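> Next come the chains, spelled out residue by residue.
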Amino acid sequence: GGGADKEEETKDADKGEEETTTDFKVAMVTDIGGVDDKSFNQSAWEGLKAWGEEHGIEEKKGFDYAQSNDKADYMPNLTRLIRDEYNMIFAIGFELKEDLNKVAKQYPDTHFAIVDDVVEQDNVASINFKEHQGSFLVGVAAAMKTKTNKVGFVGGVDSPLISKFESGFIAGVKSVNPDIEVDVQYAESFGAADKGKVIASNMYNNDIDVIYHASGGTGNGVFNEAKDLKKNDPDRDIWVIGVDRDQHEEGQIGDHNVTLTSMVKRVDVAVHDLSNKAMNGEHHGGEVLEYGLEEDAINVATTNEDAMTQDIIDAVEDWKEKILSGDIEVPKTREETEKFLEAL
Amino acid sequence: MEYIIEMLNIRKEFPGIVANDNITLQLQKGEIHALLGENGAGKSTLMNVLFGLYQPEKGKIRIRGKEVKIPDPNVANDLGIGMVHQHFMLVEPFTVTQNIILGKEPKTITGRIDLKKAEKEIRELSDRYGLKVDPTAKIRDISVGMQQRVEILKTLYRGAEVLIFDEPTAVLTPQEINELMEIMRSLVKEGKSIILITHKLKEIMQVADKCTIIRRGKGIGTRNVADTNANELASLMVGREINFKVDKHPATPKETVLEIKDLYVRDKRKIDMIKGLELNLRAGEIVGIAGIDGNGQTELIEAITGLTKTHSGTILLNNKDITNKNPRKITESGVGHIPQDRHKFGLVLDYTIGENMVLQTYYKKPYSKAGILNLKEIYRYAKNMITQFDVRTPSIHTKARALSGGNQQKAIIGREVDRSPDLLIAAQPTRGLDVGAIEFIHQKLIEERDKGRAVLLVSFELEEIMDVSDRIAVMFDGRIVADLKPEETNEQELGLLMAGSSTKKAGEN
Amino acid sequence: MIDVLQSIIPTALFFSAPLIFTALGGVFSERSGVVNIGLEGLMVMGAFVGIVFNLTFADALGGWTPWISIIVATFVGAIFSIIHAVASVSFRADQVVSGVAINFLALGLGVYLTKQWYGKGQTEMVSQPFFSNDIPFLSDIPIIGPMFFKGVYTTSYIAILFAVIAWYILYKTPFGLRLRSVGEHPMAADTNGINVYKMRYIAVIISGALGGLGGSVFALTIASNFSHSTIVGQGFISLAAVIFGKWHPLGALGAALFFGLAQSLSVVSSSVPFLASVPDIFLLIAPYVLTILALAGFIGRADAPKANGVPYIKGTR
Amino acid sequence: MSSSHRLFSVLIPIISVLLGLIAGAVIMLLSGYNPITGYAALWRGAFGDAYTIGETIRRSTPYILSGLAVAFAFRANLFNIGAEGQVIVGWLAAVWVGISVEAPMVIHLPLAILAAALAGALWGFIPGLLKAKLGVHEVIVTIMMNYIALYSTNEIIRNVLTDHKTTTESIHESASMASEWLGSITFFSRLHYGILLALFIAIIIWFLIDRTTIGYELKAVGFNPHASKYAGMNVSKNIILAMVISGALGGLAGAMEGLGTYGNISVMSGFSNIGFDGIAVALLGANTPLGVVIAAFLFGTLKEGAGEMPTGAGIPTELVDVIIAIIIFFVASSYIIRWALLRFKGGKSK
Ligand SMILES: Nc1ncnc2c1ncn2[C@@H]1O[C@H](COP(=O)(O)OP(=O)(O)OP(=O)(O)O)[C@@H](O)[C@H]1O
Ligand SMILES: Nc1ncnc2c1ncn2[C@@H]1O[C@H](COP(=O)(O)OP(=O)(O)OP(=O)(O)O)[C@@H](O)[C@H]1O
Ligand SMILES: [Mg+2]
Ligand SMILES: [Mg+2]
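Residue numbers (the working numbering), protein chains in the order written: chain A, 1 to 344; chain B, 1 to 509; chain C, 1 to 317; chain D, 1 to 350.
In case anyone wonders, no lab produced these hints; they're calculated from the structure.
As the structure is a prediction and not an experimental result, all values here were calculated from the model.
Treat the hints loosely; a few may be bogus.
[Stated by the list, open to error] Think about it this way: if two alpha-carbon atoms lie no more than 30 Å apart in a straight line, the pair counts; the simulated DSS-like pairs of lysine-lysine are:
# : chain 1 : residue 1 : chain 2 : residue 2
1 : D       : Lys237    : B       : Lys365
2 : D       : Lys237    : B       : Lys399
3 : A       : Lys339    : A       : Lys150
4 : D       : Lys165    : D       : Lys237
5 : B       : Lys189    : B       : Lys116
6 : D       : Lys165    : B       : Lys399
7 : D       : Lys165    : A       : Lys105
Start from the sequences and build out the full structure, keeping to the hints where you can.
Following this line, the structure appears as structure tokens:
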């Protein structure tokens, strides 16, 4: 009841002049970090912008975002957008789960979606990505690329989400060649470049030649170390596999590029898609929407043409077919990975 | 007559007080000029003006007849003025050499401090004026006497012609005082001039040529020392007659209060500082411990009061063993302690004077109940003590830090005496105080004795020991080497005993 | 064993370098009697300036870019620290408070300006960071070579060199003697004709310069870009190194290296057989626990410069 | 004299805040923003309606306690940079008890709060003990303890409290400080009863510091350990006690989050900053309980209001950090403000 009264009140003076071209408004709340984090906040925002462009809607009038600087901001941000009468609100990141859960209960008339987690409410659609699928495919690429038969995985903070990346990657690598060793390390932070660099340095030092990172800013340290080694010894094969978006740019060092490929997660595709659906009155509240290879929401980047040779691309395509056809079920957790490996 | 320094009609104000009010001081070349006045009279302030630490509101300073402005100590140094401060201005972790050259360091071409050159220069200076120091020792490891010599060397190294000594003897042992007197004489012989601040009239009579007296910030006048005497100086300074002879009846000692048997105490370096000490103290007597600093006095007091652990032996208070009990237990069993270092041990300087008055009793009724302070009671008590012991403070809510040394000391004495301890330990209770305050404190100690308390007085000043004690225990090398009656001995004999030349028991002669 | 050393020493060296610079800055400031909790903020400023300058001038300056970037960061760090100096020396501010303000200010300003200038919360990656290299001849020495001279950053050696220079300045020159005297007994220094305020200003500015240098070296050897999470706690670890090292330049150097070693050991351990079975969490907290144990075990009590944290007011004692 | 002293101690913080806001306005102008729009957004964000007011109070709640934690240690001359770690372990302990114990509220809630305090106290005890017995500087130990708290807590959340998840389940109702009623009068803000507890504890701490023998001893030991020992106080005990109480306060700040705001605890990828901000709060509040409470509200207001600045005025939230920094500077530099005030006053009276 309180919510409705509220909405009347917040139509205050300085927003009075706003006139939207359509009365459907969409907004998102970032997790910690802004819409420029070169990661999924940015990607989600790009999706929202594309949606706005598609319908000729102006930023701040028909779509907007609220940036969170720390954990305590999620709730007020969500509430603020609700009171600004947005019809559909995206919560970007599993960190917002608890807060969204509460808010969704309080405002049953607003539609929500959460990325990367599941909120069981009738007005919340849960957008999940099949990162394990993409990770599997970059694992294939890594396995094809490694000469030392040793590859590494650097995780940010150990969590179910990141272990999806880890699991898919290991499965992909081992599917190509079960003898390849995979070293797994967590930095316990998404922002510790120094830790990332120490881990990468240690891995490369131990003959690992391909590292897949799923660690946000910690990955900066991984790229830094790889580029440093490459710079010193351009002939040495040193590779990083990027995450979330195409991290080709991060790998550029002189004429070389250490980014083998990236596991691209098209949050923008999902956000754009779901916004359109919601606009058309098609709500998926209470459902878990899985975006994966089929929806083109998970990609493997091929920007680095020198590194991603045709045979690697072919292999990746092969395995992609197998996944799409259901021949193989990519593991999502460590237990599933164990089973998967036993079955190999 | 030519003056090397003339301070004419100097006025210096602090918020709420005129510290120097129209004071004139004229110093001739080659003389030792004493500056005398009660605590807080304005002596240090006047000298700080001369040294460039304070700027006077009014008045002129002339040096060698030329009027000068002294905005900071650098200028004072350049004008040939050096000052040995009341509280030493030495950097403890530095060596003697580093302290002396600080700010005027000789350099090698590579920009490094030329320690060799510095040490050589210091050796020369110290030979010339008889100032024995160890150039490589750290300040924190050397005696107070040597620290003072370092301070003097500092001024000489800077080429001082005029040396200001602010209460130089307050912290020295009698031996060191004699040495200092010698040093001053040799400085004057070398053509230096000296301004000496001291509360000890005897010293003035001994070395000074002239004496300027100030009272409550005002100049009272200058006297030729040869034409005056201690009594006249004292009454000029205080504005009334001072009774130098301590009034007291003979003691009537009763039961034993303190009994120390075969005590051994080690210091941090595990060296025995007290070696089998024996001491008895009875109710109704004052025992004075005479001795040169460093012979175990500090350790003895700390052992009795529980501040240091003993190595072996027993300490009995009223026949109860208090050896190695914690300080609180010991205080509660009837020990009061006026500590030697009042800033370090006696007071919490950042607490108000009111809060300081209950430092030993805050946890007891009526000052607190069930752990809750009764501020009303505390302040009532503090007010009472302040009047009773004549502690001069703007209010009980003034921080202890802001009080003058004499008043801080009176507050401590009040606090300790008022608990009616069976044993009262007074360590250097009058150090740095003016004669008026000393008189007051001596009276208080004797009053306590007459109330039947045992008083243990530790002092480096033989005069004080002789005047106040009923019995004198001479301490040397961690033992009591003699036990004498004051009327049966003299300063000469005590001096010899303190230097370890022979031992003697009371009543032996 | 040698294997392990060969992998942890080079990483420890680059990990420690920014901490060494910053801790040396802390030593200067605290030796002069000014507590510097603001080291973290000074590093943030250094990282920010280092990255922004690098991004802006990389095209024009080419291979010299990182060097000029850290010089500029050093300079800006020095200027930035004047705020702390003014507050804590001239305005007699509580030095801890002022340092905390420095931390807020640097991070706030850094990210604010990043957003203003780049329109987003983090910058691009720089194209001209520092690169490691092998030191000619020395890197060929067996065993020692790969440990200390292969794939090392020049900045790491500069850090070590700076520690030695700092020691020389503080303990061998008149300037150092004066600076330390001001931190121990400012009034004694004052009566000896040393300008206490001036010395403290200089010391704080040196700490700003070194903090800025440390931050920029971190940014240009490790992080490669600037965001709100580029410097997270390195300044506090540097502060710990100052105290751990007993306010001595070589002590701070040792403490920073110790920390770098512990950090890289905790990472390397997972590939050392007998340590591999240790649960990750213990390896993760090992650097911090080791530091505490080292302090409790054999470093023990450290005495700060006596006048550290006390504003000097002329004419009082 | 003393009335002007009192006047100054009120005036100086007010002037500092004004100067901070003016500086913020100047920065906004220089960057091409309209300060009035900016501050209007800040105001809306903090006090715009019942919801934001509720959130502002909620945000201030843990600051009161973390500020008290730092301030309390400061009064005993100890610098507790470890409030952050104490907050984290307190939060963990509160949630742990909240989840794993089943009991009626009268038992469960106090038990969970107590657990938080104890966990924080333990985190304070270690540096206190090392300081008291071995003379190890508390600043380093508390910095290290922060990291140990962060990583250990994450590990416990993942492997003990959950089966490899990042967030624990919610605490039982019986351990929750959340309040439907408080929520309903503030349009679903997360305002919870913790604020009452925090204010109550501020009063207790004031009483403890200023009116009890414990406070008397702690301050004495902080000012002068030698004189305290001479006066029969146990210096080591007091140092440890100061750190333990300080740590307990930090732990309680964590309980505010664990039992009030969130009702759970998640794996943290970095520090919560509640403890670090507590340093600034304590210092702004001049280390007195009343000052801390006021400073905590100021902090909460600015931080909460900042959220509205990007959406409401297009201004980056970091501007608020700059403003906070400037306020802290001026509070720290009270001497110069006092001096300026005196000149001003003197000039007028002449
Ligand atoms: N910095 C200061 N600020 C305010 N008042 C001061 C200051 N210095 C001294 N005073 C006051 O000025 C007066 C003179 O002090 P001064 O130090 O000159 O006395 P003094 O004669 O040296 O005393 P003592 O014999 O105890 O050394 C005292 O009342 C003292 O309280
Ligand atoms: N900042 C100050 N404010 C007020 N009074 C001060 C200040 N500084 C010094 N004083 C006062 O100056 C007077 C003289 O100081 P001085 O250094 O001569 O100490 P003192 O009284 O001789 O004590 P002691 O010899 O025991 O140290 C004292 O009354 C002291 O309290
Ligand atoms: Mg004096
Ligand atoms: Mg005196």
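> Okay, which hints does this one fail, numbers in order?
The structure breaks hints 4 and 6; every other hint is satisfied.
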